[in-house]
Amino acid sequence: MKQGTRLAARILGAYAVIYVAYLYVPVLFLPLFSFNDSIYISFPLRGWTFKWYESMLANDALHRALVNSLKVGLTTAFISTVLGILGAKAVTRYRLPGQKPVVAMIMLPLVVPEIILAMALLMVILRAGGSLGLVSIAAGHILLCVPFAMVVLMSRFEGFDRSLEEASHDLGENGWWTFWRVTFPNVLPGIVASLLLTFTISFDEFIMAFFLGSTEPTLPVFMWNQLRFPKLLPGVLALGACILIASVLVVLAAEWFRRRNTSDSQSGDVIIG
Amino acid sequence: MPLDSAQTRTLSQARGFIGRRPGLRGYLLLSPTLMIVGTLMLIPVLGMAVMSFWQQTGHMAFDMSGTLNNYAEAFTRDMYRVLFLRSLSISGLTTLATVVMAFPLAFFIAFYVKRHKMVWIILVTLPFWTSYLLRVFSWKVILGYNGAVNSGLMSLGMISEPLDFLMYNPTAVVITLTHAWATVAILPIYVSLEKIDRSLLEAATDLGDSPFVRFFRIILPLALPGILAACVLIFIPTVGDYVTPSLVGGSDGYMIANVIQFQFGRGSNWPSGAAISLTSMTIVAILVGAFVWSARRLSGRRG
Amino acid sequence: MDNSFIDIVGVSKSFGGVKAVDDISLSVHQGEFFSLLGPSGCGKTTLLRILGGLEAPGSGRVMIDGQDITDVPAHLRPTNMVFQNYAIFPHLNVEQNVAYGLRQQKLSREEQIEKVSAALAMVKLEGFEKRGADEMSGGQKQRVALARALIKRPKVLLLDEPLGALDKKLREEMQIELRMLQQQVGITFVFVTHDQEEALTLSDRVAVMGEGRILQMDSPRQIYERPKSREVADFIGQMNLLSGAIESVGDKVTVNTPTLGNVCVENNDQDVAVGDAVTLAIRPENLKLRSASAPGSVRVTLAASAFWGHTTYYRVVVTGAEGESLDVAQQDYSGSEKVGDEAWLGFDPADLLMLKN
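Protein chains in written order, with the numbering used here: chain C, 46 to 318; chain E, 3 to 305; chain A, 1250 to 1606.
Chain C with its partners taken away, still in its complex shape:
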C-alpha cells in the first residue's frame, strides 16, 4: 500500500507540474512574441528585438491611457479599501441582525456577469443625465472591488482579537484613538494588501472601462482599440507584457503584506471563493 501511495503522489505531482505549465505557458506567449522581429506572430521567432518596447515609450496616446488607468486605479483602490475597512469592522465586530443577506448583497458583484452590471450602470447614468468618463469607470470599479477589499480585511479583522480594542478602551482611549493606536497598526498589512489588490483589479479591468468610458480610454481599452489594426499587434503584445509584469509584482507584494504576522499562514485564508 505504501508503494501505491507513492505512485499516486508521483502521478499527481506530475499532473500538478503540467497544470501549472498549462496555466502559465499560454500567457507567456505574449511577452515571447513581443520580442519577435516581425509584425506577424510567427513560430519560431524571426529574430529578437526591443523595438516594440521602444515605440511604446514614444506613444503619447498610450501615456495618456496609462495616466487614466492610474487615476482610476488609485481612486478605486482608496475608496474601496476605506469602504472595506468600515464594512469589515462592522461585520466582524458587531452582531448585526440580518448580517448574512446584507453581506451576500455586498459580495454579489463577484458573481453577477460584469456586462449586466455595466449595462445597468450605463443605463442609469445616462437616464440621470450624467456623463461617461473616468468618474463613471471608477464607480463601476468600486462596485467590483468592494467585495475583494471586504474579504481581505475581514480575514485580517477576524485574525486579531477584539479584546485588544477593549483593552484600549479600558486603558482610557476613546474610539478614535483606539482605532489609530490599536486597530490600524494591526490591520495595516490587510489594508496595504487591499489597496494593492483593488488597484490591480481596476488597472486590469476591461468591461466597465470599455462601456462606461468616453473618449479617454484606460490602458486595457487602449489595447483593445489597437487590436483592430493588425500592424499594431506587436505593440499590443509589448504593452500586454508590461501590464502582466506590473500586475504580478503588485500581487506578490500584496500577498507578502497579507501574510505578514499572520500565524495561520498555513491554513490558507483565502481571498477568492
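One thing to keep in mind: the hints can contain errors.
[As the list claims (entries may be wrong)] Here are a few chain A residues that sit away from chain C, every Cβ distance over 10 Å (derived from the structure):
(1) Glu1460
(2) Gln1487
(3) Tyr1582
[Stated by the list, open to error] Calculated Cβ distances over 10 Å to all of chain E for the following chain C residues:
(4) Ala106
(5) Leu107
(6) Leu111
(7) Val180
(8) Phe229
(9) Asn231
(10) Gly258
(11) Phe302
[As the list claims (entries may be wrong)] Taking lysine to any residue and the SDA-like style, the derived pairs with C-alpha atoms no more than 25 Å apart in a straight line are:
(12) Lys1379/A / Arg226/C
(13) Lys116/C / Ile38/E
(14) Lys1401/A / Ile1425/A
(15) Lys119/E / Ser200/C
(16) Lys1401/A / Ser208/C
(17) Lys1355/A / Thr228/C
(18) Lys1379/A / Phe229/C
(19) Lys134/C / Gly25/E
(20) Lys1390/A / Trp222/C
(21) Lys145/C / Val234/E
(22) Lys1364/A / Trp222/C
These aren't lab readings, by the way, just hints derived from the structure by calculation. Even for Gly, the Cβ is constructed at its ideal location relative to N, Cα and C.
Given chain C, work out where chains E and A should sit, using these hints.
Structure of chains E and A alone, referenced to chain C:
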C-alpha cells in the same frame, strides 16, 4: 475627569444609548459601504427591471405604460433561444472541464504537498489577478489564423495552409474560458479538502476502507461544498462573459452577452436589452439553485 | 452598608433572550479582594464587563465611589481590567504596552519611563522593557497586563480569570503574588474565576454565582463551612450530599435519610416543617473510617479507594442501607483497604449541615 458636568452627562448618555444597541452601531459603520453598493448596484439593477417593461419608441424615448413584449420576445425569438442555449452549454462545459481539471491539483496540494503549500497556492492563484483580457487574448495569439499553432505547424512542414477551424467557434470559446477561469476553481476545492480532518481518513482506513474506497466515501462528500462553490463561481459569470466570445468566438461563438451589449449599444433597444439581461440572470439563478439543491440531495442520501 | 465602594443595583443583561445576569445587586468595600465564582456561563464575566463598561447593562445601575457610572463609557471609567487572554498589544513592546494608558496624562518622557519602570518593578519584570509581545511566556504576559492596568492607578482593578491559562505550579505562585500585590497597592480587586480553590485562597469575600444570580455572598470560611444551598455546597469543594426528609422539629431537627437512618442535626435558623425534603451535607474530611466499632458509628462496605498523596479517598456504602455512597478523606486509616471489606464509619452530627432543597 469632570464627570458631573451636564455636558459630559448628555454625551455619555447618548453614547450609552448607542452602546446599548450594538446592532445599530454596526449598521452605522456599515452604512457607507451599503450606500455605495446600493447606489451602484441595486438602483441600476432595479432600474433595469423597470426598463424591461417599457417600449423603445425612439432615441432615448420610451413608452412607459408597461408591456411584457420584451420578455415575450426574449423567450420566443429563435436567435435569443439559440444564444441562451449556446451560452448555457458553453459555460456548462467550461465549468465541468475547469472543475474536473482543477480537482486533482487541489487534491495534490491539500494532501501531498507538505512544506511549501503557500508557494503552490500563490502559484496557482497568481494568474487570477492578471488581466482577464490578456489571458483571453493570449489564446487569440495561439489559435489565430497567423497564430502560434498555425505558424509552428507550417514551419515544421506538417501543414501547408493555416488551419482555420482553430478559432472563431464555440470550441475555441470553451478552451479559452476553461483556461481563463482555471484559477478560480482551485481555491474553493482546495479549502474544502484542506479542512477535512486527517483523523477521519485514518478512521476510515482503520474501519477497513482501501484508499480508493475511502476517497469516494469520505473525501469526495466532504469536498462537495468546495466543488459546488467552484461550479457556481464559474458558471454564473461565464454565462454572461463578453470578452471571450468577442475575441475568439466569431459569429458562431457569440453568446448572450454580445446581444445584450448590442441592444444597449448599436441596436439601441434598452428595454429589450434589459429584459434579456434579467431573463438570463433568472434562468441562471434557477439552474444554479436546482443544481446545488440536487447535488446536496444526492450526496445527502449516499452519506 | 456605609463603607460600600462599588454598588451594583438590580443589574440585568440578556443576550438574545438568555439572561446572562439576572437582577444582581451587591456591594464591595474599598480595598477589598472580592471574587465572583461560578461555572462557565454563570454570568460572572458579563458582570465584570458591565463594571468595566465593556458591556452595557439592560437595566440597573452601577456606582463606584459614590458616582453613578452606568452610562460612562469604558475609557472614562476609574476601572482597569486584566483580560483573560491578557490582550497584550502585539505590535508594541513591553514598555509601550505598559505605557499605553499614560498618553492622556501628557507626561514628559522621563516621567513616563519612571512610571513604567516602577510598574514593571512591582510585577517583577525589570529589564523586560524592550521585549516584544510575542517573546513572552504566559506568566510574563500576565504580569505585563497587570502592570499596564495598575499604572493607571484605577479605583477598581477587574481581573477576568487572569490565572486560567497558566499551568498549575505557576498559577499557585501567581496567586500568592497577586494577593501580596493587592495588599501592597490597596486597590479594590474584583476577581472572576471558576476555580473555587483560587477564590477561597485569595478573597476577602466571595460571591458564588449560578445562572445569572448570586447564590451566596460571604467570607471564604463561611462559604466553605456554611454553604447556604445545595448548589453552593455541591460547587465548593468535595461534599457528600444526602437527601432526606424532616422527621421532627424541636431544639434540634431529626432528619430521616435512607443512607444514615435518623440523624439529629442543628436547626440552623431555617424555617422547616415536618415532612420537608432536605439535603444533609458533610465534607469527606469530617467522616472517619475505623476498623472497629465505636458509639455512633455505622457499618460500611468499602467500594473504592484512591490515593491522592496528602490524603486517601475512600468511597463507602452503608451496609444494608439504600442511600447514596459516601466519600471519606483520611490519612491514617489502618484497616484493610480491599474493596468489599467492611469497616466502621464515624462522624460528629455537628458537622452535618442541613440545606433546604
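Here's how the hints hold up against the structure:
No Cβ of chain C comes within 10 Å of the Cβ of glutamate 1460/A; the nearest lies about 22 Å off, and the non-interface call holds. At roughly 34 Å, the least C-beta separation between glutamine 1487/A and chain C is larger than 10 Å, which holds for a residue marked as non-interface. Residue placement check: tyrosine 1582/A keeps its beta carbon more than 10 Å from all beta carbons of chain C (closest about 49 Å). Remark: the non-interface label on alanine 106/C is consistent with the geometry, its nearest Cβ contact in chain E lying 18 Å away (cut-off 10 Å).
The claim that leucine 107/C lies off the interface holds: its Cβ sits roughly 15 Å from the closest Cβ of chain E, which is beyond the 10 Å cut-off. Once the 10 Å rule is applied to beta carbons, leucine 111/C is consistent with being away from chain E; the minimum gap is 14 Å. In this structure valine 180/C is separated from chain E by more than 10 Å, as the shortest Cβ-Cβ distance comes to about 12 Å. Once the 10 Å rule is applied to beta carbons, phenylalanine 229/C is consistent with being away from chain E; the minimum gap is 15 Å.
Against the 10 Å criterion, asparagine 231/C stays outside the reach of chain E, whose nearest CB is about 17 Å from its own CB. The claim that glycine 258/C lies off the interface holds: its Cβ sits roughly 13 Å from the closest Cβ of chain E, which is beyond the 10 Å cut-off. Listed as a non-interface residue, phenylalanine 302/C keeps its Cβ farther than 10 Å from every Cβ of chain E; the least gap is roughly 13 Å. Restraint check for lysine 1379/A and arginine 226/C: satisfied, since their Cα atoms lie roughly 18 Å apart, inside the 25 Å limit.
For the hint pairing lysine 116/C with isoleucine 38/E, the CA-to-CA distance comes to about 20 Å; that is within 25 Å, so the pair holds. Annotation: proposed proximity of lysine 1401/A to isoleucine 1425/A holds, straight-line Cα distance about 22 Å (limit 25 Å). A distance of roughly 19 Å separates the Cα atoms of lysine 119/E and serine 200/C; the hinted pair therefore holds under the 25 Å criterion. For a cut-off of 25 Å, the pair hint linking lysine 1401/A to serine 208/C stands: about 18 Å separates their Cα positions.
This hinted pair checks out: lysine 1355/A and threonine 228/C have alpha carbons roughly 22 Å apart, not beyond 25 Å. Between the alpha carbons of lysine 1379/A and phenylalanine 229/C the distance comes to roughly 22 Å, so the proposed pair stays at or under 25 Å and holds. This hinted pair checks out: lysine 134/C and glycine 25/E have alpha carbons roughly 13 Å apart, not beyond 25 Å. For a cut-off of 25 Å, the pair hint linking lysine 1390/A to tryptophan 222/C stands: about 23 Å separates their Cα positions.
Taking the CA atoms of lysine 145/C and valine 234/E, the gap is about 18 Å. The hint holds against a cut of 25 Å. Between lysine 1364/A and tryptophan 222/C the CA atoms are separated by roughly 22 Å; this keeps the pair inside 25 Å, and the hint holds.
Hint compliance for this structure: no hint is broken.
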